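Work the whole structure out from these sequences, hints included.
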Amino acid sequence: EAQVTQNPRYLITVTGKKLTVTCSQNMNHEYMSWYRQDPGLGLRQIYYSMNVEVTDKGDVPEGYKVSRKEKRNFPLILESPSPNQTSLYFCASSPRQGYGYTFGSGTRLTVV
Amino acid sequence: AQSVTQPDIHITVSEGASLELRCNYSYGATPYLFWYVQSPGQGLQLLLKYFSGDTLVQGIKGFEAEFKRSQSSFNLRKPSVHWSDAAEYFCARKDLGTYKYIFGTGTRLKVLA
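Protein chains in written order, with our numbering: chain A, 1 to 112; chain B, 113 to 225.
A portion of the hints provided could be inaccurate.
Unchecked claim - Computed list of lysine-lysine pairs in BS3-like fashion (alpha-carbon distance at most 25 Å, straight line):
1) A:LYS71 to B:LYS212
2) A:LYS17 to A:LYS69
3) B:LYS212 to B:LYS180
4) A:LYS57 to B:LYS212
5) B:LYS180 to A:LYS65
Simulated from the structure, these hints should not be mistaken for laboratory data. As the structure is a prediction and not an experimental result, all values here were calculated from the model.
In C-alpha cells form, the structure reads like this:
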C-alpha cells in the first residue's frame, strides 16, 4: 500500500530532551515536507526537501532540523524541544511539483 | 506575500443539502490550487487540484471546485452532503518556481442529520 509512515503517533517529552520523529514513504517520491498544525493557524511548513541531500527552510524552521540521506526517509529532529513546539506534526510527500501531497497520519507531540 | 484565505471557520449544513466552501488566494500568477480533507484524528487527504485547463475540476468523494480568476477564488462544492463529509477542509496553493505550499486555516464542516 502506498503510504507515508510517521513514528511515533504520540509523544510526551520534557524540555531539552532531544527527539526524532521519523518519516518514511514507499512511493519513490522526490519531494517531502514537514508541517505543524496548530488550532487557528492551519498547517505551517517547517522544512522541505526536493531530493536526496537537498533541503530548505519553510516558514517556521526555528528549533528544528531535518536530513534527507535516502530518498524514502525524512526525519524531523528537535535538538532541544521547548513547550512552544507542542503541536501536531505531519510529514508529506509528492512525486513532483504541482502534484498533491500524500500525508502521514500525524505525530502529536507534547513538550512539558 | 502569497496567501490563502478561507473566510469561514465553521459551517453547518443539513445532510442532503448542497455545500460550498470558500477559498481565496492572493495576487500572483495562477498557482497550483488544492483542496484537502482532514477527518478527526487523521492526516490530510487530497480531494482535487487545479493548475490549468478546465476551470471546473472534479475530485474524489463527489466534490468539485471551480477556479475563478477574476475573483481569485477556488471554491469547493458538493451537491448533496453526507454525514460522513463532516471534517475539516483545507485549501492550499503552490506557486510555480517555488517548493513552498501554503495552506489556509481550514473550515470545519458539521453535518446535521
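Hint-by-hint comparison with the structure:
1. A:LYS71 to B:LYS212: holds (19 Å)
2. A:LYS17 to A:LYS69: The hint holds at about 23 Å.
3. B:LYS212 to B:LYS180: holds (22 Å)
4. A:LYS57 to B:LYS212: holds (9 Å)
5. B:LYS180 to A:LYS65: Cα-Cα ~39 Å, so violated.
Taken one by one, the earlier hints fail for this structure only at number 5.
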